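*Asks:* Take a look at the letters that make up each chain.
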Amino acid sequence: MALDFKHASVLEGVRFTAQVGVPNVVQGLFRKREAVVSAVGKLPADHLAYRLVEGLERKYGPDPFWVRVGAEEALLLTHPEDIEVVLGGSPSPFASDPDAKRKGMAAFQPTALTISRGNLWADRRAFAESVLGTGQPVHQLAAEFAAAAVAEADALLGLDRPMTFDDLNACFQRLTRVVVLGTAAEDDTELTDLLGQLMAAGNKMPGEPAKGYDELHARIEQYVAAPDPTALTGLITSAPQSAATDVPGQLIHWLFAMGDTLPANLMRTLMVLATHSKVAGVARSEVAGKDMADVEDVVGATYLAGCILEAMRLWPTTALFGRVLEEDFRWKNGQKTPAGTQVLIHNLFNHRNRARVPYADRFSPEEWTSGTAADDWRFNFFSHGPQGCPGAGMAIFLGQAFLGRVVNAGELKVRKGPRIDPGRLPYALDIYALEISL
Amino acid sequence: MVSIPNPLNLEWYQHPSLILQLAALSKERDDLRAENLYEQDGMRPDDPAGDPPPEVVRARTADGTYNDLGCPMMGSKDSGFGRNVPIADTVIDRKRLLTPDPREISRRLMARDTFKPAGILNALGAAWLQFENHNWFFHGDGRADRVIEVPIGADDDFPEKPMRIRETIPMRGEVVDGQPAPVFGNAETHWWDGSQVCGSGAAKQGQIRTFVDGKIKVDDNGRLPESDIPGIDLTGMQENYWFGPGLLHTVFAREHNAVCDALKKAHPELDDQRLFELGVLVVSALIAKIHTVEWTPCVLRHPALQIGMSANWYGALGETFRDKIGRVGDSEALSGIIGSATDHHAAPFSLTEEFVSVYRMHPLIPDDWSFYSLASGEHLRDAYFTDIQGSATRDFMHSLEMGDMWYSIGKASAGAVCLHNYPNALRNLTRVDGQVTDLATLDIVRDRERGVPRYNDFREALRMPRRKRIEDITPNKQWAKEINEIYGGDVDLVDLQIGMQAEQPPKGFGFSDTAFRIFILMASRRLKSDRFFTSDFRPEVYTKTGYDWVNENSMKDVLLRHYPELEPVIGDVERVFAPWHELGATEPGKKPVILRAADTVKSYLPF
Numbered sequence: 072m073a074l075d076f077k078h079a080s081v082l083e084g085v086r087f088t089a090q091v092g093v094p095n096v097v098q099g100l101f102r103k104r105e106a107v108v109s110a111v112g113k114l115p116a117d118h119l120a121y122r123l124v125e126g127l128e129r130k131y132g133p134d135p136f137w138v139r140v141g142a143e144e145a146l147l148l149t150h151p152e153d154i155e156v157v158l159g160g161s162p163s164p165f166a167s168d169p170d171a172k173r174k175g176m177a178a179f180q181p182t183a184l185t186i187s188r189g190n191l192w193a194d195r196r197a198f199a200e201s202v203l204g205t206g207q208p209v210h211q212l213a214a215e216f217a218a219a220a221v222a223e224a225d226a227l228l229g230l231d232r233p234m235t236f237d238d239l240n241a242c243f244q245r246l247t248r249v250v251v252l253g254t255a256a257e258d259d260t261e262l263t264d265l266l267g268q269l270m271a272a273g274n275k276m277p278g279e280p281a282k283g284y285d286e287l288h289a290r291i292e293q294y295v296a297a298p299d300p301t302a303l304t305g306l307i308t309s310a311p312q313s314a315a316t317d318v319p320g321q322l323i324h325w326l327f328a329m330g331d332t333l334p335a336n337l338m339r340t341l342m343v344l345a346t347h348s349k350v351a352g353v354a355r356s357e358v359a360g361k362d363m364a365d366v367e368d369v370v371g372a373t374y375l376a377g378c379i380l381e382a383m384r385l386w387p388t389t390a391l392f393g394r395v396l397e398e399d400f401r402w403k404n405g406q407k408t409p410a411g412t413q414v415l416i417h418n419l420f421n422h423r424n425r426a427r428v429p430y431a432d433r434f435s436p437e438e439w440t441s442g443t444a445a446d447d448w449r450f451n452f453f454s455h456g457p458q459g460c461p462g463a464g465m466a467i468f469l470g471q472a473f474l475g476r477v478v479n480a481g482e483l484k485v486r487k488g489p490r491i492d493p494g495r496l497p498y499a500l501d502i503y504a505l506e507i508s509l
Numbered sequence: 241m242v243s244i245p246n247p248l249n250l251e252w253y254q255h256p257s258l259i260l261q262l263a264a265l266s267k268e269r270d271d272l273r274a275e276n277l278y279e280q281d282g283m284r285p286d287d288p289a290g291d292p293p294p295e296v297v298r299a300r301t302a303d304g305t306y307n308d309l310g311c312p313m314m315g316s317k318d319s320g321f322g323r324n325v326p327i328a329d330t331v332i333d334r335k336r337l338l339t340p341d342p343r344e345i346s347r348r349l350m351a352r353d354t355f356k357p358a359g360i361l362n363a364l365g366a367a368w369l370q371f372e373n374h375n376w377f378f379h380g381d382g383r384a385d386r387v388i389e390v391p392i393g394a395d396d397d398f399p400e401k402p403m404r405i406r407e408t409i410p411m412r413g414e415v416v417d418g419q420p421a422p423v424f425g426n427a428e429t430h431w432w433d434g435s436q437v438c439g440s441g442a443a444k445q446g447q448i449r450t451f452v453d454g455k456i457k458v459d460d461n462g463r464l465p466e467s468d469i470p471g472i473d474l475t476g477m478q479e480n481y482w483f484g485p486g487l488l489h490t491v492f493a494r495e496h497n498a499v500c501d502a503l504k505k506a507h508p509e510l511d512d513q514r515l516f517e518l519g520v521l522v523v524s525a526l527i528a529k530i531h532t533v534e535w536t537p538c539v540l541r542h543p544a545l546q547i548g549m550s551a552n553w554y555g556a557l558g559e560t561f562r563d564k565i566g567r568v569g570d571s572e573a574l575s576g577i578i579g580s581a582t583d584h585h586a587a588p589f590s591l592t593e594e595f596v597s598v599y600r601m602h603p604l605i606p607d608d609w610s611f612y613s614l615a616s617g618e619h620l621r622d623a624y625f626t627d628i629q630g631s632a633t634r635d636f637m638h639s640l641e642m643g644d645m646w647y648s649i650g651k652a653s654a655g656a657v658c659l660h661n662y663p664n665a666l667r668n669l670t671r672v673d674g675q676v677t678d679l680a681t682l683d684i685v686r687d688r689e690r691g692v693p694r695y696n697d698f699r700e701a702l703r704m705p706r707r708k709r710i711e712d713i714t715p716n717k718q719w720a721k722e723i724n725e726i727y728g729g730d731v732d733l734v735d736l737q738i739g740m741q742a743e744q745p746p747k748g749f750g751f752s753d754t755a756f757r758i759f760i761l762m763a764s765r766r767l768k769s770d771r772f773f774t775s776d777f778r779p780e781v782y783t784k785t786g787y788d789w790v791n792e793n794s795m796k797d798v799l800l801r802h803y804p805e806l807e808p809v810i811g812d813v814e815r816v817f818a819p820w821h822e823l824g825a826t827e828p829g830k831k832p833v834i835l836r837a838a839d840t841v842k843s844y845l846p847f
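Chains P and B supply the protein sequences, listed in that same order.
Everything in the first sequence is counted per the numbering used here, starting at 72 for the first residue and increasing by one.
Everything in the second sequence is counted per the numbering used here, starting at 241 for the first residue and increasing by one.
Honestly, I wouldn't trust all of these hints.
Simulated pairs of lysine-lysine, DSSO-like, Cα-Cα distance not exceeding 30 Å [to be verified]: (1) P/K77 x B/K784; (2) P/K77 x B/K505; (3) B/K717 x B/K356; (4) P/K349 x P/K361; (5) P/K130 x B/K784; (6) P/K407 x B/K505; (7) B/K457 x P/K407; (8) B/K457 x B/K784; (9) B/K444 x B/K457; (10) P/K77 x P/K349; (11) B/K457 x P/K403; (12) P/K275 x P/K174; (13) B/K505 x B/K444; (14) B/K721 x B/K747; (15) P/K403 x B/K505; (16) B/K267 x B/K747; (17) P/K130 x B/K505; (18) P/K407 x B/K784; (19) P/K403 x B/K784.
No lab work stands behind these hints, which were simulated from the structure alone.
Remember, predicted model here, so these are calculated numbers, not experimental data.
Start from the sequences and build out the full structure, keeping to the hints where you can.
*Replies:* Below, the structure is given as structure tokens:
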């Protein structure tokens, strides 16, 4: 064979492109297009994508295999051993800036850590880890953050109508601004709107900063120049950085990830808590009598953390992500892959692989608290390895505080949304179609 | 196949076209299958009663039993060697056991004067054959109190006088002068089952296995572990060990473990035993495939063999057809032996004494070795064969990087299988157990003591023409003169080994046509009789992962998998058993001279 992986057929490549590649693009890579997401949600698009990749994996796996995406062949990974090789080998030789990602991100975060290489990556990573407290049991500003999250929960609990995603998102955008930039930014919705416009521009993959980027950068720079000791800006001066770090550029990514992705995951978590009475019961008993402003209470809510992680596993906000090989690479069994190869990781399939994950389609937070899910390289909503999300701990912490407060307040009810079968959860859960009364 | 008339009694290679040559070869093999498979009574113990248990149906057993479910003991470890000549032709002439003097034959006809390279085959190819023999046969260690004493003359510098050669001990009964030979037993399984890597028999396999995830013992540096035999790796077959087989035993132990990893990845539910069994199945089939479609066409460069050996494996329709379309019915000719129906032809399967004899190809081994750095190409050191074999093997191997040894053995040429090219290191060899032997003398004595017919009788039994005069054996006049002197002009007395090494092989062949007759019969029989290469060569038995592994990998893939540092020297090589080029000698799109030569040159033989 010469040492190479198997190749899916051209026809299979056309289907892969149509069913896996294209839906990811049309729904918006960075800013979800609400109408399209809802339309796609009504189609069994994610289910079709899953079935397609499942069939390909059965035929060509479990090793990586080549599949055509558009005109080029990319290597699709489905086994945790191979994913560990790639993500463990990021950013070098598996760089995390495939062309599409770099071109899209260039619109609103051209200097982001995730698309940096080499020394620049190390420089920016050290900065992010320092400020975000990566790997610390508790962030040094955890008390302030818990209080801010609880305040947002209380705001939503005060709604006199069912909560929509827009409500939740608005709260989390505010929370994000407070956590990252400080209380001075609490009501700076213009900044959030500007970021939203730039992300929408990123969907078109322009390959250069979009109009308005300089303004966004300048606004963030102002907050950095006047650091708030209760926010992440307060930790910046003591963090390692160089002239190349581009601090405001790094903060954009945190605003993007925390303000957009986290509420989407929490919306789905709330949906499950509203429909799975057993899960809700366990969650409620875990936080009973706690007001969630206490850091230890938040950290102790491990089942709730499991719930958030499980929602992220079941409905990953990034269905497909990739790496690109900087140099020729030889795999463990000798297969040689040339420099420039795109390596794809299809979270949607890997997270739900029925043949390998016994709880594939069930909501199983206990797999995160007492099982092995946390060590499984198959689950990559936070990525893994050296490029694992440096803010993962903080995101989960904010989510725990928020959810704990909401769960404690009473029973959740789905007022609008699809009926879901707890034993066979759907592949897509449209957050825009949900209304939940808290 | 349609029988083509042959009024001129041409040898297969003398036919004027490739089609006719292939037809003649095919007919030759059919005749051999019908006329040259014999066995005696008492070849194997009685078969066990009752239905075979599932664990012996699904995979190869440690002792080679139950390959044939209807005759479970067939081909098992310790069962007897069969014969390719009629039993009546195996009469042992004890009175002439040492006539003519085998040591004299060794000294005057076989001893290497200058190294004659094979050209078409590298030293890795020589090591490969020994590696394979380690799988196939071993007559056992004999007994210290039963020896043949070969007189050593006063002018002979052989260190012991007389030379003592341990007798081959029959399975049962005794050698009777003037009577057909008794049955000798094979201490290995007869099957092509990778037993040189994993061992024959449960006890041996128990030493080799880790009992975790099906794997066998390889140390953290990817080397084989120490054994209780000083200087010899812990591996399935530890006889006649030197660094060449050492490399191959190592790489295929690693291959076994890589297969187990891949199987476990695809089938996490499989336990250690199943993973081990499947690893054995896959690696043994891969070794058989490499031997059939890579090693053999390299040593037999005749165009008919390039097609014929590939056809053995893939069938006449070829690899691409079979991979894309599958088998066409049960036709061995169209779709190859692999995956066809099992057939033992005229006798139950066993390897044969004659098969052992024709594989005595010690001239393939060079005496003088040079070792080079794979990283820089610089010459590191020279070594004499004595210092890289036996109890010196491990120390030697641990003094060099694996890549340096692979590069050096790949670069070196094997010796031509002909007279005056027998390695002198093997003619004065101190074995691990302290016995001092001249293997050339031993090769002559072994054939005689086991009742393997001498050259002319051997040929007649294979329906090849007898040679009327010694001059008819070889076109080399000097050799004919020397043979005449030793054998007193009696062509019928000429030993099989001498005749084969004096013969001029067919064009492109690395060994004689006489040896080749046994080869075409037995090479295909090793596949055709084995259900794991025939009816049970299918994904349901091998798993899809295992089945694909066999079909998709080559020796180059195996080497690059475990030694990717070899890429600069084998990356553009098509035949890994032909001499490799120098480091840095290659340029894109242009084959180095040595590769172009390897694709075309004929065996170097002094005719």
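*Asks:* Compare the distance between the alpha carbons of B/K717 and B/K356 with 30 Å, and conclude whether the hinted pair is satisfied.
*Replies:* 18 Å, holds
*Asks:* For the pair we were handed, B/K505 and B/K444, check the Cα-Cα distance against 30 Å.
*Replies:* 27 Å, holds
*Asks:* Measure nothing beyond the straight line between the CA atoms of P/K130 and B/K505; if it is 30 Å or shorter, mark the hint as holding.
*Replies:* 14 Å, holds
*Asks:* Taking only the CA atoms, is the gap from P/K403 to B/K784 under or equal to 30 Å?
*Replies:* Holds, because 20 Å separates the two Cα atoms, which is no more than 30 Å.
*Asks:* Decide if the proposed pair is consistent with the structure: P/K403 and B/K505, CA atoms, cutoff 30 Å inclusive.
*Replies:* 13 Å, holds
*Asks:* Are the Cα atoms of P/K77 and B/K505 separated by 30 Å or less?
*Replies:* 16 Å, holds
*Asks:* For P/K77 and B/K784, compute the direct alpha-carbon distance and say whether it is at most 30 Å.
*Replies:* 13 Å, holds
*Asks:* Would the hint linking B/K721 and B/K747 be met if the CA-CA limit is 30 Å?
*Replies:* 24 Å, holds
*Asks:* Between P/K77 and P/K349, does the CA-CA distance stay at or below 30 Å?
*Replies:* 44 Å, violated
*Asks:* Between the alpha carbons of P/K130 and B/K784, is the straight-line distance 30 Å or under?
*Replies:* Given pair P/K130, B/K784 holds - Cα atoms ~10 Å apart, limit 30 Å.
*Asks:* Hinted pair, alpha-carbon criterion (30 Å max): B/K267, B/K747. Please report holds or violated.
*Replies:* 20 Å, holds
*Asks:* Is the straight-line distance between the alpha-carbon of P/K407 and that of B/K784 30 Å or less?
*Replies:* 22 Å, holds
This entry does not satisfy hint 10, going by the numbered hints stated previously; all others are met.
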